Each structure stands twice: as structure tokens, then as C-alpha cells.
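Here the protein sequences line up with chains W and Z, keeping their order.
Quick note: the first sequence uses this note's numbering, first residue 2, plus one each step.
Quick note: the second sequence uses this note's numbering, first residue 2, plus one each step.
None of these hints come from the bench; they were simulated from the model.
It should be emphasised that the depicted structure is a prediction, and the values quoted were computed from it without experimental measurement.
Check the hints yourself; a few may be wrong.
Same chains, same label: a pair holds when it works inside one copy or across any pair of copies.
[Said to hold, decoys possible] Dumping the calculated SDA-like pairs for lysine to any residue here, alpha-carbon to alpha-carbon at most 20 Å:
(1) Lys-205 / Lys-242
(2) Lys-242 / Pro-309
(3) Lys-254 / Asn-45
(4) Lys-327 / Ala-59
(5) Lys-254 / His-354
(6) Lys-327 / Pro-162
There are 2 protein chains.
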Amino acid sequence: MKRQGFDALVALTPDNVTYTAGVLIPSHVVNRFRRTISILAGDNFSAQIVVNVEENLAREFSRFSNIHSYNQFTENPSDLLADLLEDAGLSSGRIAIELDFMPAMDYVRLIERLPQATFDHARDIYFHVRMTKTDEEIERLTEVGVMTETVIAEILDGIHPGETEKEVGARIANKMLRLGADHVRYHVGSGVRSGITNCDPTDKVIEKNDVLRIEVLGDYNNYRSNVTRTAVVGKPTQEQKDIWAVLIEAKEKCESILRPGIQIPDLYQTYVNACRSGGIEPTLNFLGHGIGLTIHEEPYITDTRKYPLGPNMTHTMEPLFMIPGKMGFHVEDMYRITNSGFSRITGELLPNHDLIEIEV
Amino acid sequence: MKRQGFDALVALTPDNVTYTAGVLIPSHVVNRFRRTISILAGDNFSAQIVVNVEENLAREFSRFSNIHSYNQFTENPSDLLADLLEDAGLSSGRIAIELDFMPAMDYVRLIERLPQATFDHARDIYFHVRMTKTDEEIERLTEVGVMTETVIAEILDGIHPGETEKEVGARIANKMLRLGADHVRYHVGSGVRSGITNCDPTDKVIEKNDVLRIEVLGDYNNYRSNVTRTAVVGKPTQEQKDIWAVLIEAKEKCESILRPGIQIPDLYQTYVNACRSGGIEPTLNFLGHGIGLTIHEEPYITDTRKYPLGPNMTHTMEPLFMIPGKMGFHVEDMYRITNSGFSRITGELLPNHDLIEIEV
Numbered sequence: 002m003k004r005q006g007f008d009a010l011v012a013l014t015p016d017n018v019t020y021t022a023g024v025l026i027p028s029h030v031v032n033r034f035r036r037t038i039s040i041l042a043g044d045n046f047s048a049q050i051v052v053n054v055e056e057n058l059a060r061e062f063s064r065f066s067n068i069h070s071y072n073q074f075t076e077n078p079s080d081l082l083a084d085l086l087e088d089a090g091l092s093s094g095r096i097a098i099e100l101d102f103m104p105a106m107d108y109v110r111l112i113e114r115l116p117q118a119t120f121d122h123a124r125d126i127y128f129h130v131r132m133t134k135t136d137e138e139i140e141r142l143t144e145v146g147v148m149t150e151t152v153i154a155e156i157l158d159g160i161h162p163g164e165t166e167k168e169v170g171a172r173i174a175n176k177m178l179r180l181g182a183d184h185v186r187y188h189v190g191s192g193v194r195s196g197i198t199n200c201d202p203t204d205k206v207i208e209k210n211d212v213l214r215i216e217v218l219g220d221y222n223n224y225r226s227n228v229t230r231t232a233v234v235g236k237p238t239q240e241q242k243d244i245w246a247v248l249i250e251a252k253e254k255c256e257s258i259l260r261p262g263i264q265i266p267d268l269y270q271t272y273v274n275a276c277r278s279g280g281i282e283p284t285l286n287f288l289g290h291g292i293g294l295t296i297h298e299e300p301y302i303t304d305t306r307k308y309p310l311g312p313n314m315t316h317t318m319e320p321l322f323m324i325p326g327k328m329g330f331h332v333e334d335m336y337r338i339t340n341s342g343f344s345r346i347t348g349e350l351l352p353n354h355d356l357i358e359i360e361v
Numbered sequence: 002m003k004r005q006g007f008d009a010l011v012a013l014t015p016d017n018v019t020y021t022a023g024v025l026i027p028s029h030v031v032n033r034f035r036r037t038i039s040i041l042a043g044d045n046f047s048a049q050i051v052v053n054v055e056e057n058l059a060r061e062f063s064r065f066s067n068i069h070s071y072n073q074f075t076e077n078p079s080d081l082l083a084d085l086l087e088d089a090g091l092s093s094g095r096i097a098i099e100l101d102f103m104p105a106m107d108y109v110r111l112i113e114r115l116p117q118a119t120f121d122h123a124r125d126i127y128f129h130v131r132m133t134k135t136d137e138e139i140e141r142l143t144e145v146g147v148m149t150e151t152v153i154a155e156i157l158d159g160i161h162p163g164e165t166e167k168e169v170g171a172r173i174a175n176k177m178l179r180l181g182a183d184h185v186r187y188h189v190g191s192g193v194r195s196g197i198t199n200c201d202p203t204d205k206v207i208e209k210n211d212v213l214r215i216e217v218l219g220d221y222n223n224y225r226s227n228v229t230r231t232a233v234v235g236k237p238t239q240e241q242k243d244i245w246a247v248l249i250e251a252k253e254k255c256e257s258i259l260r261p262g263i264q265i266p267d268l269y270q271t272y273v274n275a276c277r278s279g280g281i282e283p284t285l286n287f288l289g290h291g292i293g294l295t296i297h298e299e300p301y302i303t304d305t306r307k308y309p310l311g312p313n314m315t316h317t318m319e320p321l322f323m324i325p326g327k328m329g330f331h332v333e334d335m336y337r338i339t340n341s342g343f344s345r346i347t348g349e350l351l352p353n354h355d356l357i358e359i360e361v
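If we strip away everything but chain W, and leave its shape as in the complex, we get (with noise of 0.2 Å):
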């Protein structure tokens, strides 16, 4: 913040606001009326703003001891912000700000209230800090990376025709709070459904031959877990042991490559050109992205990010092939970035070179 000439950094996203406070407000999250927002200027002052229905949860809980609460039905907390970056002597202040998630309603207050005061993105700030791990991050990571891979492993030894999308995804959500998981999120796509990127189950029955895709997304202790295994229910055709082929290769040469200092644009390539020379092509216009306090955080692994991967980032890789109305091939595990080379978080239990079989 001070580097980058700013004179105080305020978050308002679920994320940004636990990586600074170390805890999150639940109703942060499913009520959109409801903000909380972090305050951090200079040295000496730090300020957490909440509805006051969370007012007890924050004070027990936040690492800020400078609470601040306001009534969701009468009042701005943009008023509320206003005045404590007018207390911390910021009228005229040069201050980053989420403008990336603040609603614009709530910004027009704030310049209404501060005329004088410069707002820039805070956004690039906490991506840059957050994007390489502590090793408590990292341990999260993992505890809640093996758990979701564990589960995976279990639900896929348990697949019978049958059975449908939904109840797969009960057992999925079971399993997941069993080990302890707080919320959990799932994909399960079969036969032609699997070939919908982001597809929720349904009431759809799994047949014999299906395709089956299986995405989990955890979340214990804040952070989060991405896994995804493709299946198929019965014997693989040529076709898709064709299409998975292209894929693992694709993933392989990607990891033989994958250490600190690679630039992301040239392993991103490196994936687009292997899926490219095995005849297909690559589905999303990503090889992965960062995981932490969210699912999708930097670095995104793209063309787009052009700077080197570094120790103790952590990241997916997804390769992804679908053919919409046909069906779909999707592996996703979770790496980290060590000082030489990296290291699996999830991708031991549940090896997938081959296309994974459902015996019938």
C-alpha cells in the first residue's frame, strides 16, 4: 500500500475483508444489503465496518478492535466509511479501494462525501499479497484439497446406474460435511450433460456408457478446494480414450515444466499447443487459476498474466474439452509451487492418466 503511494487501503469483498480481519461475516456473503468493509491507513488506525446485526460476531471474533456497526435500513455505511477516512486525517487522502466489487451507488456517496480525496483500485494490491501462501495457508489448502479428492475417490468407487445427478450429490455433500468441510458446491454432469461446463445436478439418471464429470468445490476453515475427475460408466470408447489421451498429455507436459520463474503465458501455451497437436481444442481460454480464500483468484493461468509463476503460489490446472451435446473430459487437481519445482496438493489418491472406469 505505502509502495504503491497510497495513503489507506479499504476492502469490501468477502475475501479481501477475512484476509484482513481473519474472519468472516456469514451474512457478508448471502445478503447482498449487507456490507462490511475493512479500513487500513498509515501506521496506526484500523477500522471494520458491519451490519449491526453481525456487531457481537465481529467484535468476538475480527482481529480489528476498532468496530464499527450501522443500521442496514436507515443508514449508508458509505457515510460510515466517509467518516473514518475522515478521523484517520484522510480527506485529501489517495486511497485504494475495491472499485472492482463496490457498488457504483455507494462510491458516488463516498466521492460526494470526500471531494478532495483520490480512490484507485485496491484490487492488484491484494492479489499480489495473497497470491503467494504463508504455510498456514498452504496447510489449509491441503487439509481441504485431500479431504475433496478423498471424497471424489469414495463417490466414484460407489457409482451405480441408476442412481441420479442429485442423489451423487448428496452423497458428495455428506462425505464432505462428515470430514468437516463448512459449505460445499458440486458438479455432477452425466451422459450429455456432461459436456455443460458449470453443470448442476439434476434428476437426470446415470446410465450405462455415461460420461460422468464430477467437480467439487470445498470450503473448510476459508479455503477452498477444486477437484475434477471425468468418469465413464462402463467401458470408454475409442473416441473419448482419444480425447482424454490428448488431455493427460497436454496436463504432463504442462507439470514437466512447471516450477518458479516460468512465465504463465508460456506454460498456458504450452497446454493450447499440446491439445492443439493431439486434434483438439482447448474448451476454456484458461489452463487454471490461483486458490485460496476463493476458488478463482490469481494467477489466473492464461495468455493474459504476464508474469512468472513463484514459490508457494498455489494454483489448478483444468484441462477441459467438451463437445456440447455430446459430451465432456475435464481433469482439475491443485498444485503448489515449491522452490524448485512444485508439488501436488491433491492428484496422488485419485490418479487419473487413464480414463477413470466405473465397473457395471
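For chain W, the structure is supplied; the task is to place chain Z on it using the hints.
Just chain Z now, with coordinates in the frame of chain W:
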């Protein structure tokens, strides 16, 4: 929209885009870098903007036939929105847009692109039309409400001391998802944790004499439920019975005047007065909230909503009293206003006139 003199109505929230398009785009909810936008202009122009990853899904399921996609890494959806508003002949139009949700940077870009246009809040237009439900919406709310109350009844029937809050949560999720829910969230607070308003379950073991508060928020076919029950593990104390009697009397007084035409502040004040004459001060500054595509929507039952309830409005009432650090009491059911009074969406299956006792 026309009655208020607007040339276009633009939505960006998951709920209002879903209301307009008839389909929820999954990554819209979980990934804040992805936007989807719906545009209605005049009688003849409509369009939906989605991230390219979701284009196939939108083309298959959206009510809109005019689907435009953008690249999340290289394009700004506000540019696409500006292009479409220009196509609709609205470069100097009067546009209602969700300023309470649209990120500040997107708004700044939009007014740069369309300097002759004027923008105002879309919020109240959407709230107004969404507040009165169609028969189909009421059917969906009833399905998810009854499912939720059924699950809470089964769970309370099976509680035993020694289980953790998280284990109870896993059972709630499993039952809800097996009954068809698409997603579920819940609060489980026992002992002193029952006194935290939004209490995510922890590894705390449920013990004899704990107050146990269970709140379940279901999501089925995009419609939401919100049902809460409080129980005592064993026999309640006189203090607990007395507090409960005050909350229930307040609730029953409110039910006795619940009908179309009642002014919302009068309903709220009836609640507050009944609590105070029983010697307790309500913890929340609202008695309940509208429920539909979102858990919280209009009508919020507060003294700030100076309009009457009308037929086919759906809302909760949730008398709540917390003694932080000690215990908390909370009952919440879903109501529909009818032509002459109200009907219970929930509250029949699991009566709560007396504080529920769990046999140990």
C-alpha cells in the same frame, strides 16, 4: 419501467437476471469476476450478456435469444453493455440500472461510454414486481418451505447429546439434498453459541441442557426457504420458558392482524410492543423479510417500509432474542398473504407454541 419514464431496464444481480432470463447462470454466483447482465429496452429490444464460458448454457436455457458473450480476461462487459444500449438507440436514453450492485468501475466505464445517457436506480422496479408472487412462484416457495420444515422436524427428532453441531449440519444437508434441494445453508448453534445470530456450525459437542437453535435456508428451483426452530436438550428452565412465551405471544399477536392492507410499520410495532411488555427488547430491527428468489427481499417487516402488505406477498416472521454469551431464542416461519388474511407456507408440521424439548 415505462410508467416511471425509463427507456431501458438493466439487471446485474443473480436474482434479477434470473427473474428476467428464467435461468441462473452458475458461475455468476460463485465467481465475482464474471458478470451477467440482462437488458430490456422499449418493446422490442432485449439481450443478455454472459461470460464466454457460460455462453452455451445461456443459449440453451435463457428466455433471451439475443445472447452476447465476453472474454473475462480481455474485455470489459460494460463496453458490451454500452454497445447494446447504443444498438437499442439509447445513447441519450434514461436507463434504470442496478446501481446498488453494479461495481463502481463498471459504472465509471459505462458513463464514459454513454455520456449523454442518464442512469437511475433499478432496485425499486424489480422489488416492486417481485414482491407479489405468481401462483408458480408460490408453488415453488411452498415446495422448498415444506421440504425444509420436514427436515428440521426429522433432525430435531434424532438429536442426541454427544453429536457435534457440524454432524447435525451434515445430516441437514443430506436430507435436504436427498429431497431434491439444489443447495442448502444452515446455522446450528448450541449452548452459548445459540446466542450468535448467524452461527455457522462448529465441532462443539451438543450437551444436555443446551439451547439448540437450527436455521435452514433451502434453495430449490431457484426459490428459497428460511425456517428456524429453537429447542432445549432436556427440560427448559423457567427463564427459558418465560422468554419463549414472550416471543410466541408476540408472534401470535402479529398473526392475529396479518392481512392485506395492514401497514408494515404497524405490524412491526405490534411485535416490538409485545416483546417490550413481556420484558424483552427484540435483538433485530426487523420482524421478518420477503422471501422468493433471494432469502432477503422486500417486504422487509420494519418501521422503515411505509406501505401495506398485499395479496400474494410472501415473507417470514422471525421473533428473535439473543443473550450474547449465554443463549438465544428464535422461531421463523414463512407466510403468504391471501385475499383476506394469510396462509402458512411453514409452521403446520412442526408446531412451536411451546419450546421444543429433546428427550435425553
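Going through the hints against the structure:
{"no.": "1", "hint": "Lys-205 / Lys-242", "verdict": "neither (24 Å within a copy, 48 Å between copies)"}
{"no.": "2", "hint": "Lys-242 / Pro-309", "verdict": "neither (33 Å within a copy, 63 Å between copies)"}
{"no.": "3", "hint": "Lys-254 / Asn-45", "verdict": "neither (49 Å within a copy, 51 Å between copies)"}
{"no.": "4", "hint": "Lys-327 / Ala-59", "verdict": "between (49 Å within a copy, 17 Å between copies)"}
{"no.": "5", "hint": "Lys-254 / His-354", "verdict": "within (13 Å within a copy, 65 Å between copies)"}
{"no.": "6", "hint": "Lys-327 / Pro-162", "verdict": "within (19 Å within a copy, 50 Å between copies)"}
Of the numbered hints listed earlier, those contradicted by the structure are 1, 2, 3.
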